[in-house]
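Protein chains: 4
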Amino acid sequence: MASKAFAIVAGVGPGTGAACARRFAKAYPVVLMARNPDNYEGLVQEINKSGGKAIGISTDVSSVESVDAAFAKIKAEYKDAACAAAVFNASGRFARGPLLEMKVEDFVGSWDVSCKGALIFAQHALPLLLKHADDSSAKHPPTLIFTGATASVKANAQMSGFACAKFALRALSTSIAKEFAPKGVHVAHAVIDGVIDIPATKNWLKDQPHEAKIGADDIAESYWNLHTQSKRCFTNEIDIRPMYEKW
Amino acid sequence: MASKAFAIVAGVGPGTGAACARRFAKAYPVVLMARNPDNYEGLVQEINKSGGKAIGISTDVSSVESVDAAFAKIKAEYKDAACAAAVFNASGRFARGPLLEMKVEDFVGSWDVSCKGALIFAQHALPLLLKHADDSSAKHPPTLIFTGATASVKANAQMSGFACAKFALRALSTSIAKEFAPKGVHVAHAVIDGVIDIPATKNWLKDQPHEAKIGADDIAESYWNLHTQSKRCFTNEIDIRPMYEKW
Amino acid sequence: MASKAFAIVAGVGPGTGAACARRFAKAYPVVLMARNPDNYEGLVQEINKSGGKAIGISTDVSSVESVDAAFAKIKAEYKDAACAAAVFNASGRFARGPLLEMKVEDFVGSWDVSCKGALIFAQHALPLLLKHADDSSAKHPPTLIFTGATASVKANAQMSGFACAKFALRALSTSIAKEFAPKGVHVAHAVIDGVIDIPATKNWLKDQPHEAKIGADDIAESYWNLHTQSKRCFTNEIDIRPMYEKW
Amino acid sequence: MASKAFAIVAGVGPGTGAACARRFAKAYPVVLMARNPDNYEGLVQEINKSGGKAIGISTDVSSVESVDAAFAKIKAEYKDAACAAAVFNASGRFARGPLLEMKVEDFVGSWDVSCKGALIFAQHALPLLLKHADDSSAKHPPTLIFTGATASVKANAQMSGFACAKFALRALSTSIAKEFAPKGVHVAHAVIDGVIDIPATKNWLKDQPHEAKIGADDIAESYWNLHTQSKRCFTNEIDIRPMYEKW
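Just so you know, the protein sequences line up as chains A, B, C and D, in that order. In terms of the UniProt record's numbering, the first sequence is residues 1 to 247. In terms of the UniProt record's numbering, the second sequence is residues 1 to 247. In terms of the UniProt record's numbering, the third sequence is residues 1 to 247. In terms of the UniProt record's numbering, the fourth sequence is residues 1 to 247.
Hints should not be assumed to be uniformly reliable.
Any copy will do: because identical chains look the same in the list, a pair fits if it lies in one copy or spans two.
Said to hold, decoys possible - No farther apart than 16 Å at their CA atoms in a straight line, the calculated lysine to aspartate or glutamate pairs in the EDC-like style are these:
| # | residue 1 | residue 2 |
| --- | --- | --- |
| 1 | Lys183 | Asp80 |
| 2 | Lys4 | Asp38 |
| 3 | Lys53 | Glu41 |
| 4 | Lys49 | Glu105 |
| 5 | Lys4 | Asp134 |
The set of hints was computed from the structure by calculation and includes no laboratory data. From a predicted model like this one, the values you see are computed outputs, not experimental measurements.
Input sequences plus hints: build the corresponding full structure.
Okay, here's the thing in C-alpha cells:
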C-alpha cells in the first residue's frame, strides 16, 4: 500500500532538515535522524501533535553500525513499508582555515559525515526506495535528495575540508542518480548557495533585507517539488539562492 | 492589480511551449507567440473555450521590429498589466553536420533565434516583469525562463551551430539572472536533456518504454514550480531528463 | 615538405596576437591577420628583419568574402604549403552594460567577430591544418587555438554580449576538437582569466605588483607548448591567470 | 641556492609517476615515493646511472606518520634545499561497482589515498615549495601538480568511490591553488581523460592505433611545461586525452 510509505530526513537541525521534516510530514509518516536527540525531539512532538506522524532516531550517519541500528528501528516501526523520500541533509564539521593549519582529523571528520555518511545512508535507504519504485500505487517516484552548498561547485581558498567533502557528495549524488534512475529512483542534488535563515545565522547579514537569506521552508518546498516530478521529468540538480545573493 | 498580470510564452509549438501555455493559463491570461500562427491558433481557442484567456501573436523573435509590434499588441490588449511570467522557448534551425559543410547562414540562423531572439525578447519582457516585481499583491515573483538543451552544456562533434547558440543562451540567462534577481525578477534556465515526447518524435526510441522520453506537460509543471519559488529561494538552473536517459 | 608549413595568427593587436606571431615565427613563416594594417605592419617588418618570415593581411574575420580573399592570398604566397598552427585571437566589441541599454547591434557585433568569425576562420584554416596532419614529416600535430576569457565560463551581470559570444566560442572549440582530433588536428581553447599587460591596460592595477597582470609573451609560450603536444596527449583547454588573480 | 632545489614525485608506478620522475630528473635531483619499493627501485638506479640523482622512499601517503618520516628523510638528504616541483600522482583503490555492493572500506580506501593522502602530502610539500618561491635565483616558480582523471569531472554510474575521491582531489587542488598562488606557488590539476599506455593496459584498445592511448612521457612533458610557466601565467587545470578519445 502506497499509504504506508514513509519519508526519512537525515541531518535534522533547526534549518533545512526540520523544514523538510515538516513538509514531507504533510504527506508521509516521517523518520527524523540526528546525532543529538535535542535536534529532533521537539519537532517529533510537534508533528505528532499536529496530525502527522514522526519518530526520531539518534543516528551517527558516519557509522555503519549506527545506521544499521537506525534502519532496524525503522523496519520495526514501519514493517514492510517502502520509503517514498529520503533527504540527506547531514554535514560534517565545517573544516576550513589555512591549509597548513588544517588538522587531518578535521578534514577527515568533515568528509566522514558529508560523504561517507551519505554513502552509508544511501546504501540503507535505496532498497526501501526501490521497493517504492515497484509500488504501482505510488503517487510520486521515490526520491533521494542530497543537500549541497556553494562549496559543492566552488572550492575557495581556506575551504578545502568543506569543499572536498561537498564536491565528493555531488559526485556521489550524480553516480547514484545514473545508476538508479533507470530503476525508477529519482536522485537529486541541491546546491544551496547562500546563508540559510536559522537561529545560528540571526546576526549574519543583519543590515540586509529579509530576502538576503534563504528560507528553510522554501528549500523544503523546492525539495517537495522535486519529489513530485514524474518519471518522465527528473531534475538531478538545482541551485538555490536568495534574490540578493551575489554569485 | 495582481489579477491583471499575464504570462507570455514565446516559441509555441506542439511540445514545451504549448504545455507551458496550458499550465500558466490556469493562473494567468496568456500570450502565445510563434512565427507561424498555425502553431498557436488551435491552442488559443482551446484555452479560451476551457475558461482561460489567451491571445496569439505571430512573432519573429529574431527581429526587433517584429517583437516591438508584438509587445505593442500586448500593451493594447492588457493595458497597464504586468507580466508575471515569461517563457522563452524558441529555437532556431538545428544547425549541425560536418563543420566544413556547415553553411554560415545556417550557423547564424540558429543563433539568431536562440540567442539574439532571447535577448530581444528579454529586453521587451523585463520592463513588464519589473512592474510585477513592484506589485506588492503579486502572489509569486515575476519569472523569466529560458529553455536550453543538452547542447547548452555539452558541445558534441558536428553540433557546433546548435551548441554555440545554446551555450550563448545559457550565458545570457545567467547574466540576466545576476542583474535582475536583486530587482526581484527570478530568471531560470532549463537544460532539457532528452527527447521530448511530441508528434515529431513519435518514431524515436520506439522500442523503449514511455519513460524514455520527457513529457512536455511535466516540463511545464517544473517551470510552474520554478515560478512559485519565493524571493528567498530562486533556482537559476535545473536539468530535466527522463528516467531512462543516459548521461 | 614540412619545412614549408606556416602558421596563422588572426586578431593581431599589441598583446596576445603579436606575442603569438613572434613566438610561432621562430619556427614557421607566419601570416598575421587584423582588420587594421596598423596592427601588424610594424610587426611584419620586425619579424622579417630579425630572420623570420611574415606577411600581413587585412582581414575582417566576420566576413566570408574577406576571409576568402585572405586565404587566397595565403595560397598565392605559400602555394601548396600546409598550416602547422592557427591561432584565433580576434574579439568583437566588448558588448556590456545594463541589459536594457544593450544595443542589439552591439550584441550582434560582439558575436559576429568572436564566434561567427571563429567559425569562418576555422572553416578556412582546417583544410590546411588537415594537410599538415597528413604530412608524416611534420614535427608537431597541426594545432588550432582559440583565445577565450573569464567570460567564457562565467557570465556576470552586465556582461551579456561578451559572455554570450565567448561561451559560444568555447562550444565551437570543443565541437571542432571532437570532430577533428581523430583526424589528427589538435584544437584547444584558452580561458585567459585576468588582465593582459598591454599598453591599453597600462593604468590598470597600477599599484599592484608586476605579477598581477598576465604576460602576453607567457600566453604565447603556453600556446606554443600546446602546439608541441603529441597525438597521444592533446590538451583541449587550459586556463591562464597571473599569480595574484582572485578567482 | 636554486641549484639545490629538488623535485618530488609521489605515486611512482610504471606510468605517469615514472615518466615524471625521469622528466624532472633532467633538471633536479628527484625523490620518488611509492608504498612498494619495487615501484621505484629500478628507476632510482636508472636515473642515478644516467647522470641524474634520485632517492626512493617507501611512503604510504594516507598515513601522517609515514609522510612525516618520508619528509624527515628528504630533509636529512637535501638539508636546507627547497622543493622546485612536487607531483602527486598517487591513487587509491579503484572503488567501483554497483552501489549496493560497494564496501564502505573500499570507498574509504579510495579516498584515503587520493584525497586525504593528497592533503597530507601537500601539507608537507608546501613549506618546501614556499621556500623555493622565496628563492630569487629560482628558474621557475615552484609547482605542485595533482593527477586527476575522467572521474574528476564526470561521475558515472558504478564509479562512486573513484569519482568521489577524484572530485574531492580537484576541489583540494583548486582551494590550494587559490591560497598559495599569491605566495608564488603554482598549483595545477590535470584531468587525464583516457587510457594511459602502461604494461597493465597492454591488452586494452588492442585493435586501435597507437594514438588511442595516452603516452606517459607526454603527460610528463606537459607537467614539465606547466612547471616552466611564469608567475604571470599560471595554468591551474589542463585536460589530456589521446587524439582518438571520445569525450
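Do the hints match the structure? See the list:
| no. | hint | in the structure |
| --- | --- | --- |
| 1 | Lys183 <-> Asp80 | neither (19 Å within a copy, 50 Å between copies) |
| 2 | Lys4 <-> Asp38 | neither (27 Å within a copy, 48 Å between copies) |
| 3 | Lys53 <-> Glu41 | within (13 Å within a copy, 50 Å between copies) |
| 4 | Lys49 <-> Glu105 | neither (41 Å within a copy, 42 Å between copies) |
| 5 | Lys4 <-> Asp134 | within (14 Å within a copy, 45 Å between copies) |
Hints 1, 2 and 4, counting from the list given before, are not met by this structure.
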